[in-house]
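Top to bottom, those sequences are chains A and B.
Just so you know, UniProt numbering puts 75 at position 75 of the first sequence, and the rest follows in order with no gaps.
Just so you know, UniProt numbering puts 276 at position 276 of the second sequence, and the rest follows in order with no gaps.
Because the hints were derived from the structure by calculation, they are not lab data.
A couple of the hints might just be wrong.
Said to hold, decoys possible - Here's a subset of chain B near chain A, in silico, CB distances under 7 Å, partners left out:
(1) Gly-18
(2) Ile-43
(3) Leu-63
(4) Ser-76
(5) Thr-77
(6) His-79
(7) Leu-80
(8) Gly-94
(9) Ile-105
(10) Asp-107
(11) Tyr-112
(12) Ile-144
(13) Gly-188
(14) Thr-280
(15) Thr-300
All C-beta atoms in this analysis are idealised placements derived from N, C-alpha and C, irrespective of residue type, glycine included.
Number of protein chains: 2
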Amino acid sequence: MVFDITILGSNSASFAFGRHQTAQIVNHNHHLFLIDCGEGTQIQMLRYRIRLNRINHIFISHLHGDHYLGLLGLLSTMHLQGRRNPLFLYGPPGLAEIITLQFQISDTRLNYHIDFKELETERSYQILETDTLTVQTLPLDHRIACCGFLFKEKPKKRRLLRDKLPHGLPPVHLNALKRGEDVKDEAGNVVVRSEEVTLPPRPSRGYAYCSDTRYNERLIPLIRNVDLLYHESTFTNEYAERAAVTYHSTAQQAAEIAQRAEVGRLILGHYSSRYRDLTTFEQEAREVFANSFLSSEGATIPIGELTNESD
Amino acid sequence: MVFDITILGSNSASFAFGRHQTAQIVNHNHHLFLIDCGEGTQIQMLRYRIRLNRINHIFISHLHGDHYLGLLGLLSTMHLQGRRNPLFLYGPPGLAEIITLQFQISDTRLNYHIDFKELETERSYQILETDTLTVQTLPLDHRIACCGFLFKEKPKKRRLLRDKLPHGLPPVHLNALKRGEDVKDEAGNVVVRSEEVTLPPRPSRGYAYCSDTRYNERLIPLIRNVDLLYHESTFTNEYAERAAVTYHSTAQQAAEIAQRAEVGRLILGHYSSRYRDLTTFEQEAREVFANSFLSSEGATIPIGELTNESD
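Okay, chain A solo, but in the shape it has when bound:
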């Protein structure tokens, strides 16, 4: 089952050195979710051949412009491209007002419905559940109301060993075996033992998106053991004081969170426009957490191990 992220923007505040404002696509089992939507996100999606109307859920972490200024244009283009399906838009208080005012003044009536879901950013709670996935908020410590998002796969089923199955078992029995239940005959005797014809379920993978935030230890229990953590790293150590004052993190602080939460991999991003070269970010993070990597735009990063589609 596909589970990955594609980076559309890696810079903070402004466009600089070819780097765009924050936006990411999460692809889970071919369902696309957009997290944050800086200016030019629709242009980046066109560049990386991601069809806008495959997205049904958009999550906005906070209302600093570099995280949402591409949204109104994206919503308009979805309309122009003939969208009819409702769109679920999650964001802090104020987002609905901003969007509604602009569509009202431009006398725009969309051909689809936007279902605004106003987020509380002070606590962690579940905001979306699909057949295979849950999404919950992660309270962040930023200058204005801000939360991250935790994508977690639901527990999966055991995997059938087709070779070991008796012929002609009806689907109802196959489903029982996948749930770990044995197949019994009418007298109650076990005919097929789940353990003998299945493998344990694949692990359920998790992705945590944390931007923007100061160093924030309260995150650690919430994101423990996720396979992939994206954590903002606006500054290098040289500007640690500036990070604190502006409610941002250094790459090393991001790595400390990653190390203490024992995550699989850390992806850095939200770089300050003062940096042309980013190698120091990776170096400083790796001193604390070896499995740290720079995000770069257009890159798709798998979450956990790559597994077979049918698993």
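Add chain B to chain A, keeping to what the hints say.
Structure of chain B alone, referenced to chain A:
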């Protein structure tokens, strides 16, 4: 004296085929004015090496997203780049509210002052006067309140023929000669005749920006004889009906306005995203008005004849 425009965006509605939403820079005597500000305008300015904080006046024609969605990001980046000078922002009713709401919700306090100038879009009137230039509105016929902008050079002074001037004339006399006044001695006798030591003034040039609008004959007297007309041309003749319904123009209608207003040159733009190839726009316009050209992004187009800096 420099007087030209640089096209930053040439497409309508959405980004398509590498074409951005509407934005233009007018450069008059090294003063930069921005007209409209679609999504990604600040990125385009970086691409074409135009320094954001050289701009002191921004004109927004109307509040459809493709004409202003880059504005909030641009204003933010101006702030981040240390701007202190006030910015004059001209736009229809609603613009101030949109901008103010977003800065309020993001808790942004700019280091510079924005002087909002709300435009009436139903009549043509002067909105700006500098030492050398005036700007006035052009009422357009669009689905929502919308106006274009007419940039006109003020009448210029006569040009001194340095070779023919007597030596040692004080500046007060030089200025009089440039105004066409003769220099007289104390007895009132003409000592230097302006006509003999000066050339006539250079012509005062004009630029008319007309987007978005239906075919609108009321424009003709307002823009008569301008050196350069930018007129939207969202569609080719094939979609003339769609142009009327959506309050847009075809390239041929733009050319009719150009021809009847006897302008110097016509620049087309605001192309619909349905067109990959634009040659039909130019062809259809030239059937009516030979001096028609496509706008293309990054191109700088002089207004009137190129003249010497010192003129």
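Verification of the hints:
Nearest Cβ of chain A to the Cβ of Gly-18/B: about 9 Å, over the 7 Å cut. The hint is violated. Given the 7 Å rule on beta carbons, the hint for Ile-43/B holds: about 5 Å separates it from the nearest Cβ of chain A. Against a cut-off of 7 Å between C-beta atoms, the interface hint on Leu-63/B holds, since the closest Cβ of chain A lies about 5 Å away. Because the smallest distance between the Cβ of Ser-76/B and any Cβ of chain A comes to about 5 Å, under 7 Å, the interface hint for this residue holds.
Because the smallest distance between the Cβ of Thr-77/B and any Cβ of chain A comes to about 4 Å, under 7 Å, the interface hint for this residue holds. Using the Cβ-Cβ criterion of 7 Å, the hint placing His-79/B at the interface with chain A is not satisfied: the shortest such distance is roughly 10 Å. With its C-beta approaching chain A no nearer than about 6 Å, Leu-80/B sits inside the 7 Å limit, and its interface hint holds. At a threshold of 7 Å, the smallest CB-CB gap from Gly-94/B to chain A is about 4 Å, leaving the interface hint in force.
With a least beta-carbon distance of about 4 Å to chain A, the hint placing Ile-105/B at the interface is held under the 7 Å criterion. Interface hint at Asp-107/B: satisfied, since its Cβ lies 5 Å from the closest Cβ of chain A, which is below the 7 Å cut-off. About 16 Å separates the beta-carbon of Tyr-112/B from the nearest beta-carbon of chain A, more than 7 Å, and the hint is not met. Taken as an interface hint, Ile-144/B checks out: its beta carbon lies about 5 Å from the nearest beta carbon of chain A, inside 7 Å.
Residue-level restraint check for Gly-188/B is violated (minimum Cβ-Cβ distance to chain A is 64 Å; threshold 7 Å). Taking 7 Å as the C-beta contact cut-off toward chain A, the hint placing Thr-280/B at the interface is violated, the least distance being around 21 Å. Among the interface hints, the one on Thr-300/B is violated; its C-beta lies about 22 Å from the nearest C-beta in chain A, farther than the 7 Å criterion.
Hint compliance for this structure: hints 1, 6, 11, 13, 14, 15 are not met, and every other hint is.
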